[in-house]
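> Line order of the protein sequences matches chains A, B, C and D. Residue 216 in my numbering sits at position 216 of the first sequence, and the numbers go up by one each step. Residue 219 in my numbering sits at position 219 of the second sequence, and the numbers go up by one each step. Residue 181 in my numbering sits at position 181 of the third sequence, and the numbers go up by one each step. Residue 32 in my numbering sits at position 32 of the fourth sequence, and the numbers go up by one each step.
Quick caveat, the hints were computed from the structure, so don't treat them as lab data. Quick reminder that beta carbons are idealized off the backbone N, C-alpha and C, glycines included. A hint or two may mislead.
[Unchecked claim] Residues from chain B that face chain C, not an exhaustive set, calculated with beta carbons under 8 Å: (1) S219; (2) P239; (3) H290.
There are 4 protein chains.
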Amino acid sequence: MGVMRLGYVHVRVSDMGAAQHHYQEVLGLQRTDQRDGKVFFKGWDEWDHHSVVLEEGGAGLVKMAFKVEREEDLEELETRMAKFGVQLTRRHRNEEHAIGDAIEATLPSGHQVLLYHEAEVLGTSTGLLNPDPWPDGLLGIGVPRIDHLLVTAEDPHLFTRFFTEVLDFKISEKVVPELGSDQVLASWMFRSNTPHDIAVIPGPDAKLHHFAFYLEDWSSLLKAADVMSKTRTPIDVGPTRHGITRGETIYFFDPSGNRNEVFAGGYITYPDFPCITWTADQLGTGVFYHNRELNEAFTSVVS
Amino acid sequence: MGVMRLGYVHVRVSDMGAAQHHYQEVLGLQRTDQRDGKVFFKGWDEWDHHSVVLEEGGAGLVKMAFKVEREEDLEELETRMAKFGVQLTRRHRNEEHAIGDAIEATLPSGHQVLLYHEAEVLGTSTGLLNPDPWPDGLLGIGVPRIDHLLVTAEDPHLFTRFFTEVLDFKISEKVVPELGSDQVLASWMFRSNTPHDIAVIPGPDAKLHHFAFYLEDWSSLLKAADVMSKTRTPIDVGPTRHGITRGETIYFFDPSGNRNEVFAGGYITYPDFPCITWTADQLGTGVFYHNRELNEAFTSVVS
Amino acid sequence: MGVMRLGYVHVRVSDMGAAQHHYQEVLGLQRTDQRDGKVFFKGWDEWDHHSVVLEEGGAGLVKMAFKVEREEDLEELETRMAKFGVQLTRRHRNEEHAIGDAIEATLPSGHQVLLYHEAEVLGTSTGLLNPDPWPDGLLGIGVPRIDHLLVTAEDPHLFTRFFTEVLDFKISEKVVPELGSDQVLASWMFRSNTPHDIAVIPGPDAKLHHFAFYLEDWSSLLKAADVMSKTRTPIDVGPTRHGITRGETIYFFDPSGNRNEVFAGGYITYPDFPCITWTADQLGTGVFYHNRELNEAFTSVVS
Amino acid sequence: MGVMRLGYVHVRVSDMGAAQHHYQEVLGLQRTDQRDGKVFFKGWDEWDHHSVVLEEGGAGLVKMAFKVEREEDLEELETRMAKFGVQLTRRHRNEEHAIGDAIEATLPSGHQVLLYHEAEVLGTSTGLLNPDPWPDGLLGIGVPRIDHLLVTAEDPHLFTRFFTEVLDFKISEKVVPELGSDQVLASWMFRSNTPHDIAVIPGPDAKLHHFAFYLEDWSSLLKAADVMSKTRTPIDVGPTRHGITRGETIYFFDPSGNRNEVFAGGYITYPDFPCITWTADQLGTGVFYHNRELNEAFTSVVS
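Can you make the complete structure from the sequences, with help from the hints?
Right, here's the structure in full:
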């Protein structure tokens, strides 16, 4: 009941041709549709119509969309969001292409969040009958699915309150200014059993830090990094490990400057997961466990 | 809301000394407690008091215990279980050691299922403050946590109905006698985002086929198999891959003849996961994807 | 000076179409040439004209060919082979297609061994100028190169004496009937720094047990096993680890019944490598480290 | 015949206690001996008395020592070295502790090179009788053996000529100022079948850039990087892949500022390996394949 997962990320790109090449031939997503200047993509292991939507117009996040488990969750969450004081708009079936009735919220941070229950189902590439574990003919990195996104907000504490109090996310890890503080400088939040479906760090409102695709393991990250070099895809950081989430990672950029991540590993969360705390002085280790320090660009470059 | 995960498995062993050596020094679980002839273990990445309980007396399953998200889930599920016609017993706080109020059901298949909401919390080995990704000093395979169990039942269809209709599990994969049949010969069911928290195959009632521990990836399985050889732990099958769940696996036995598994990989499920169907003629490939055939012992040996 | 490596293996196949499909699309070798009923293949990381030669006519080994470092090695080894009492034939340039002057020996075991110094050079797929680490467009398993072969002989001790005394191979590991015995029941021998370029076990004369292709690591073996299942290539044993050589392995069959192996890992040898001894009672563990036992078919099925 | 391998590296350290902790508990080498202010170490898979020698006195290379295959190689190489104009000193048995008769050369670059044939044999940790593939009880990263070293020289071309013309090394890869140039700016050279036993890049004479230990695969590098973070061992670069050698790598520093590397993968060389050429403009990609650029510190910091 409630939010199941990050359904899709809708971002702006400055050159649709270059962007399509990146998401299709470097990441290996499947282009599933095109309409009204938007191009739709899904990973081979996803069944819904899309998990990434691109539209021309620079860079940055148009909206993030979460899929809820039951039709009636929409109404209940609408009431809760209204009570939190969030500005809401109803989206009728197919107003968002291939998506059912939906509610769109403008958060205090300026981010657009869409909640929906229904999506057109295209099916995975391995199918539903006696399937193989992976399909032939994948391009580039061949990511199976989207995993999470990370955004910046001027008030990460308020952003975290919205996702936990209204949308019932749990916090897996948080950064506090010092031990014992109630102030949340950054948080990693989950509804699924992954370490995070969304995370927030301090920064300008309405901005995207990165969105991430899932990879099976550390070995897949090596191949991914090799593909990035072959295709001249600029790597930001990695391959390395996060302290926070314990996951393995490569950060890189799409041709418009939107930061992507491929993410593997990480622990399993449950609603009773005991929240992990990082003190601000250890944040470097939290983000990049091997080098134990943040570089300036990593925190300042957003889209 | 409802069942969060497989909380623990309680099994009988014929020689407690040998069993402790196996679960502690081969699997690398931590022995957390001992009381009334029972010995309690948890993985290093688990926070609750135990995920495995051993007691002397041969081999086989005493009970499987699932943890529910909210206190009030117990009452609601009790009502539903009663309506399904299952025989129920209330267990008061600490009747099950280190566990809160609970309800125990005897399924039509003769399996004992315990539902509980509260457990004593011991914490993970890496802690909650600026943690490292893994602890030092692990023994043997060093499994982080329990993952799932598989049982046999004379009527797997009925067993599946109980878990899906009463406990709200979803079916990730099922075996049918032939395409189009409504009859479920075997099923893999989840409440978490893993491919399965419990599964059932045809066989004698009240029996255990295996219970499984999670490993990070295929590389960890190689080390696990090496440790099994070093410790003369008899391997049943593997390392190999499952067709069903797509996971990587080694089956092996504890000294009492209870089958264990170490399991890695597998896809991510959500409540809208489209159920995969295997036809009975492809079951060999479904269980052992590489060899594409079942051996007789695998389906007949249970405890 | 002397033998550098196993240059190529020349085997018989019963159905050239099926065989080509296997070596090209399952193993991912490159078909480099065809002449006089023979088809030639090389791995993407090999530079010489071929490492596998197929010809129609059942199954089994036509000859194994070793490349020597210097032209003058041929003459010196010819003298030594003659002194050992081996029957020799000179092969003039291109009598063996794309191969320079060569000497062919018929061993006491009936195996044909060819020594050559020169081969037509085709180059690797990644090239010699600012290369990428791996090429795009590989098919199937995508093996980079041949690694070793294992044959059977009625007198493995004599076979071992030929390779060590005449061709200057060193023994990395040997099986003896009991501790202290001078009798070699089986041996693994090297000229390169790999654990073995050739090995011999007891069995019928003039027979092939298997020839092996190199894979980078244990992760590559999982993909290889998946490809075998997808292509219905019958797996004999594995993925598993050898005790002898410490390497990771999958045995499987080509459509004609010649056993292949993909082999990863293993230690590095040098001429002063201290020979490892296995007693016959531990041979099961030596061959299959995880299961610690040999199956009957593994030792009896040869081609 | 001739040089078999890099036998050992003898370096200066500024604090022997900190250095011992690093080589023993972080790298996991075994401390085998101590004498005359020197401390001796070997990897668990090495059989000779030592592969690393430490002595107090700052940082940097005292000497690199290569083991030759035959006693008579010493005399032959002595003659050749003298002819090349290199200054030579004979070292009698045990003048170098646990080493037989030896010849020490002072290269034009100021580096000391020792050639020896005999070393005290201690044996590997897994032994010579029915061995397991790896020993229990390894500390930290648990490196099995030394792999290669890289030094700087003001005239890398001359350095390369010494190793190839006198010591019969082959060049696997070289950097040239531009295509077609005969000038070697940097070279990677081998006597074994690894991509390199020694390499040279431009820089100050008599200096050490790094020495490297072998690791089995990319998965082992992740554990190594984790151990470095846990032990606060400063990582220089990695985990990543080299374009040159195709190997996977982490660079890091010992407490005295000597750069170490753990190195996995890489192709197999043979004496007929076709030399790979890198043009100077692609050197960034050659050294760090993923990021495709060199950082200033990497080329300027030596010891």
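> Each hint: holds or not?
The hints, checked one at a time:
no.	hint	result
1	S219	holds, 6 Å
2	P239	holds, 6 Å
3	H290	holds, 4 Å
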